[in-house]
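Since the structure of chain A is already known, use the hints to place chain B on it.
Residue numbers (the working numbering), protein chains in the order written: chain A, 1 to 105; chain B, 1 to 727.
If a hint is listed, it holds; no wrong ones were tucked in.
SDA-like, lysine to any residue: derived pairs with alpha carbons at most 20 Å apart: (1) A:84 / B:201; (2) A:9 / B:352; (3) B:332 / A:102; (4) B:350 / A:27; (5) B:21 / B:33; (6) B:332 / A:25; (7) B:347 / A:57; (8) B:338 / A:26; (9) B:332 / A:101; (10) B:338 / A:21; (11) B:332 / A:57; (12) A:9 / B:348; (13) B:332 / A:23; (14) B:338 / B:301; (15) B:347 / A:17; (16) B:47 / A:51; (17) B:347 / A:26; (18) B:338 / A:60; (19) B:350 / A:25; (20) B:222 / B:238; (21) B:338 / A:25; (22) B:338 / A:16; (23) B:338 / A:19; (24) B:347 / A:18; (25) B:347 / A:25; (26) A:9 / B:351; (27) B:347 / A:23; (28) B:347 / A:21; (29) B:433 / A:17; (30) B:338 / A:23; (31) B:433 / A:21; (32) B:338 / A:57; (33) B:350 / A:10; (34) B:645 / B:568; (35) B:347 / A:19; (36) B:347 / A:12; (37) B:347 / A:27; (38) B:641 / B:590; (39) A:9 / B:349; (40) B:347 / A:16.
Keep in mind that the hints were calculated from the coordinates and are not lab data.
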Amino acid sequence: MEHFRGRLKIDYHGSSGDANGRPILNASLASAILDLLAIAPTPQTIDEVWAAMKARLALDNRDQIIQLLKSLAQDHYLTSDPEKRYSFRFPLIRQWWVLAQGIRS
Amino acid sequence: MNRRLVISAYTPSNTDRELLKRIFVQRERLLDQIVDRLARSMLTDDKHHILLIGPRGSGKTHLVALVEYELRRRGELSDAMRVAWLGEDDTFTGLIDIALGIAGQLATEYPEEFDADYRTPVRGLNSDDAAESILKSIIARLDKRNILLIMENLDRVFSGLGDLGQKKWRAFLQEQPRIATLATSQQLFDGIARRDEAFFGFFDIQHLTPLSVDDARELIRKISLEQKKGDLVAYLDSAEGRYRIRALHHLAGGNHRVYVLLAKFLTKESLDDLVHAFEHLAEDLTPYFQERVRTLPPQQARIVQCLCNANRAMTVKEVAEDSFIAEGNCSKQLGNLKQRGYVQSQKRGKESFYEMAEPLMRLCLEVKNQRGRPLKLVAKFLRAWFPESQLQKTLNPASGASSRGDAYRAAALETDAGIEKFLRVNLNAEISKCISNRQFDRALELSSELNFVAPLSASLVRVEVLARSGSYEECAEELSKILDMAEAPAEQKAMALVNRGVTYRQRGDTERALADYTAVLDMAEAPAEQKAQALFNRGVAQWQLGQFGPAQQSFEQLLAVPDLPPQQMTAALFALPEAVIAGASREQVIAALESAFRTGDSAAECYGGTPGDLLAMVLRRGHQEWDGYIAALVPLYVNNKAAAKLGHGVTHTIELLATEGYSESQLDAWNRAWQKAGQGCEELEIPLQSLDAAVEAIKTRSDRPLFRLPLEVREIVRPLVAKSLPE
Numbered sequence: 001m002e003h004f005r006g007r008l009k010i011d012y013h014g015s016s017g018d019a020n021g022r023p024i025l026n027a028s029l030a031s032a033i034l035d036l037l038a039i040a041p042t043p044q045t046i047d048e049v050w051a052a053m054k055a056r057l058a059l060d061n062r063d064q065i066i067q068l069l070k071s072l073a074q075d076h077y078l079t080s081d082p083e084k085r086y087s088f089r090f091p092l093i094r095q096w097w098v099l100a101q102g103i104r105s
Numbered sequence: 001m002n003r004r005l006v007i008s009a010y011t012p013s014n015t016d017r018e019l020l021k022r023i024f025v026q027r028e029r030l031l032d033q034i035v036d037r038l039a040r041s042m043l044t045d046d047k048h049h050i051l052l053i054g055p056r057g058s059g060k061t062h063l064v065a066l067v068e069y070e071l072r073r074r075g076e077l078s079d080a081m082r083v084a085w086l087g088e089d090d091t092f093t094g095l096i097d098i099a100l101g102i103a104g105q106l107a108t109e110y111p112e113e114f115d116a117d118y119r120t121p122v123r124g125l126n127s128d129d130a131a132e133s134i135l136k137s138i139i140a141r142l143d144k145r146n147i148l149l150i151m152e153n154l155d156r157v158f159s160g161l162g163d164l165g166q167k168k169w170r171a172f173l174q175e176q177p178r179i180a181t182l183a184t185s186q187q188l189f190d191g192i193a194r195r196d197e198a199f200f201g202f203f204d205i206q207h208l209t210p211l212s213v214d215d216a217r218e219l220i221r222k223i224s225l226e227q228k229k230g231d232l233v234a235y236l237d238s239a240e241g242r243y244r245i246r247a248l249h250h251l252a253g254g255n256h257r258v259y260v261l262l263a264k265f266l267t268k269e270s271l272d273d274l275v276h277a278f279e280h281l282a283e284d285l286t287p288y289f290q291e292r293v294r295t296l297p298p299q300q301a302r303i304v305q306c307l308c309n310a311n312r313a314m315t316v317k318e319v320a321e322d323s324f325i326a327e328g329n330c331s332k333q334l335g336n337l338k339q340r341g342y343v344q345s346q347k348r349g350k351e352s353f354y355e356m357a358e359p360l361m362r363l364c365l366e367v368k369n370q371r372g373r374p375l376k377l378v379a380k381f382l383r384a385w386f387p388e389s390q391l392q393k394t395l396n397p398a399s400g401a402s403s404r405g406d407a408y409r410a411a412a413l414e415t416d417a418g419i420e421k422f423l424r425v426n427l428n429a430e431i432s433k434c435i436s437n438r439q440f441d442r443a444l445e446l447s448s449e450l451n452f453v454a455p456l457s458a459s460l461v462r463v464e465v466l467a468r469s470g471s472y473e474e475c476a477e478e479l480s481k482i483l484d485m486a487e488a489p490a491e492q493k494a495m496a497l498v499n500r501g502v503t504y505r506q507r508g509d510t511e512r513a514l515a516d517y518t519a520v521l522d523m524a525e526a527p528a529e530q531k532a533q534a535l536f537n538r539g540v541a542q543w544q545l546g547q548f549g550p551a552q553q554s555f556e557q558l559l560a561v562p563d564l565p566p567q568q569m570t571a572a573l574f575a576l577p578e579a580v581i582a583g584a585s586r587e588q589v590i591a592a593l594e595s596a597f598r599t600g601d602s603a604a605e606c607y608g609g610t611p612g613d614l615l616a617m618v619l620r621r622g623h624q625e626w627d628g629y630i631a632a633l634v635p636l637y638v639n640n641k642a643a644a645k646l647g648h649g650v651t652h653t654i655e656l657l658a659t660e661g662y663s664e665s666q667l668d669a670w671n672r673a674w675q676k677a678g679q680g681c682e683e684l685e686i687p688l689q690s691l692d693a694a695v696e697a698i699k700t701r702s703d704r705p706l707f708r709l710p711l712e713v714r715e716i717v718r719p720l721v722a723k724s725l726p727e
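In isolation and in its complexed conformation, chain A is listed as follows:
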C-alpha cells in the first residue's frame, strides 16, 4: 500500500507559491489534505478543507485546493458526494493512511 503514498510525490510534482511567495510542494499539500480527511468524522466540503488547510499553511489561493481535491478524486484516493463533500474512497486505504502517517483520529 506504500504505493499510494509514494505515488503522490510522482503524480503531484511541481509546487506553487504561498502567501509569502515561498514554494509549497503539491505533493505535501495533497498529503496534508489526505491527513485531514483520514481523521475527519464526516465528509468535508471544499470550504471546510480550505479553512483547515489555511490553518496549517500560509495559503491564499482557494483554486489550488479545489484543483488538488479534483485530482485526488480522479486518482481514486477520494470520492465526493452530490453536495461536493469529500471523503476517502476506500475505508481500507483510509485506515492504512492513519496508521502509516501516524495520525490519531
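Just chain B now, kept in the frame of chain A:
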C-alpha cells in the same frame, strides 16, 4: 504652514483613520470583504470570526484599524455594534483576563450602557466563576446589540489561556452567539491548526501577502503626497527612483513598516545624510529585532546569530558546525525558524540553503557587534544605491581624518556588489519574462531602471526589445548610444555595429549598413567572429546594391579566414556564385557552385544557398544563356539532394516573370527550358506545374490557368502573379 501629519510606523492604531485610509494599498478588496462580513455579523445571528496572519510590520493593525473605522462609519450599525479592542500588550492568564478586558473597554467607550464598576460584584469569587459572571452581565446589558471583539497577537493570547481557558472561551462563544472576532497573529499556531484543539476550523484565516515592488512604490507615493513632497512624487516616477525602490525592496522584503520608515531616505542626495539616516534607523530598529531574537529558544537564537554573521546562504551542515548544534537538531530548529518566517531556504539537489528572511534584521543584529566600524549591510546597500563613479568621486583621501561618510564610502567600494548583482539578476529575469510575453512597453520601462545600475546591459535590452517590436529607427539610435559609451568593451561595440548595420538594412538604408560593416572590419580590436559576420553581411549588402565585384571580394576574403565555423563557411561558399555570375562565364559559375556543394557542410541550414537569388541573376543575363544554365543547374542540385531548394527558387522566379516585363516568347523560353531539364524529378514536379500555369496566366492576363493547380499551391502562386493580372 502645512498641517503636520504623523504616520506612526509602529502604532497605526494611533494614526488618524482618514490618513490611514489614504495611504492604504494592495488590500482594498480584502478590506471590503471583511467589513461586509463583520457588518452582517452585527446585524444577524450569523457570526464571523476572522484571523489575519502576517509577519511583524506586514500591515495587520493598519488593516484592522481601517475595518473598525469603516464599520463605525456605517449608520445602520451605530445602534447594533459595540466595539471592544483589547490592548496589544495585555497579559492573558485565563478566561478572566478576556472578560475583564472586554468589560473594561466597553465601560470606557460606552459609559452609559456598561457599568464602570464591573469588579465589585465578583470580588472574592474564583477566577472562572468571576469570568463567567462578568461575561453574563455584559451579555445581559447588550440587549439586542452585538460585540465586535478585536484581539491582536492571538497566538500569545491563546498560549496564555491554556487548553482549559481556550475550551471555556470556545464554549462561551458557541452558547452566546453575540460576539464576532477580528484577530491577528504573526504566524499559525497549534491552537488553531490542530484538529484536536477547541478552535480548529473556527476562524476564517486570511494570510496577508507581502508588498510587491509596485505596491511599495504606490505606498511611498501616497505617503509623499500626504506629506506634500511633490519632488519625491515626481522622483518616484523617474528611472532612478524606481530603481532605488527596488533596492529598498530588497532590504524591506515587502514589509510595510520598513517602507514607512525608509520612505524619507529616497531623496537623500548626499551620502553623508544617507549614512546618518541609516545609522539612526538601525538604532531605532535594533530593540525591535533584538526582542524578536530574545523571544526565541536559545538554540534558535544561536542559529539566527550565526546566519546573520555569515552574510550568505548556508547549508544545514555548515550552520550546525558553526553553531555547535547536532545536525539533526539543527535541521529541526531551522525548519521551525523557517515556519516562523525568520529564515528562508532554497533547495538545490539534496541540500537546502538557509539565509535570513529579512536583510534588515541582519543589519540590526550587526549594530551591537560592530563597535563603530561601518555596518556591512549598509555598505552593500550604498554600493547598490550610488553608481560606483559617484562613490569614487566623493571619496577624498586628502581630507585627512576621514568622516563617517568616508569610512562608509571606502567600505562600500571594498564590499562585493551583492545587492546590486541581485537587483540586476532580478531585473533581467523580469525583463526576459516581459519580452517573451511581448509586453514591450513594460520591458522598456524596466530597462530604464536597469540603466541606472548597468547602462550597457540596459541598452542591449532596449536593442532587443526595439528590434523585436519592429522599431528599427529607435533600435539604430540605441545602438548608436552603445557606440558612444566610453566604457563599452570593443567586443560589444563591434556587435553593436554589426547589429546596427542589420537594422539599417531592415530599414532599406543599405549604404549606411555598408559603412557600419566596413567600420567593424577597420576596428583593430574587434573579435574575429564579429569581423567574419561583418564581412558576410557586407557581401550581401553589396550584392543587393548591385556591386557584384566588391561582393565577390567580400565573400572571398571571408573564405580566406582561418578556422571559419562550418555554418558561416557554407553560407559564404553558396553566396559566392551569386556574385560571380555577374562577370564570369557559365563554367566558372557552375564550378564555384560545384565546389560549394563539395566543400560546404551538408548539415548546415544554408547548404544549397538561396537559388532564388541565383536564378534571378540567370534570368537577367538574357534568354540566350537560359537553356545552358538551367540544363547545368538541375542535375547539380538533384545530385546533391537539394532539388527542393531549387524548386523554391523556381517558384521565386514567377514573381520576377510577372513584374519585369518579359515578352511572350521569353516567358515561353524560360518555361520550356525548365520543363525540359526538370522532367522526371519528383521534387521539381509541383514548382514546374506552378511555373507552367503561371506563365500562361501572365500571358493571358487571367487567373484561369491557375485552376489547374491544387488549391493549396494555387494560394501560393496567385499572389506571385497578381501584379500582372487586371484588378
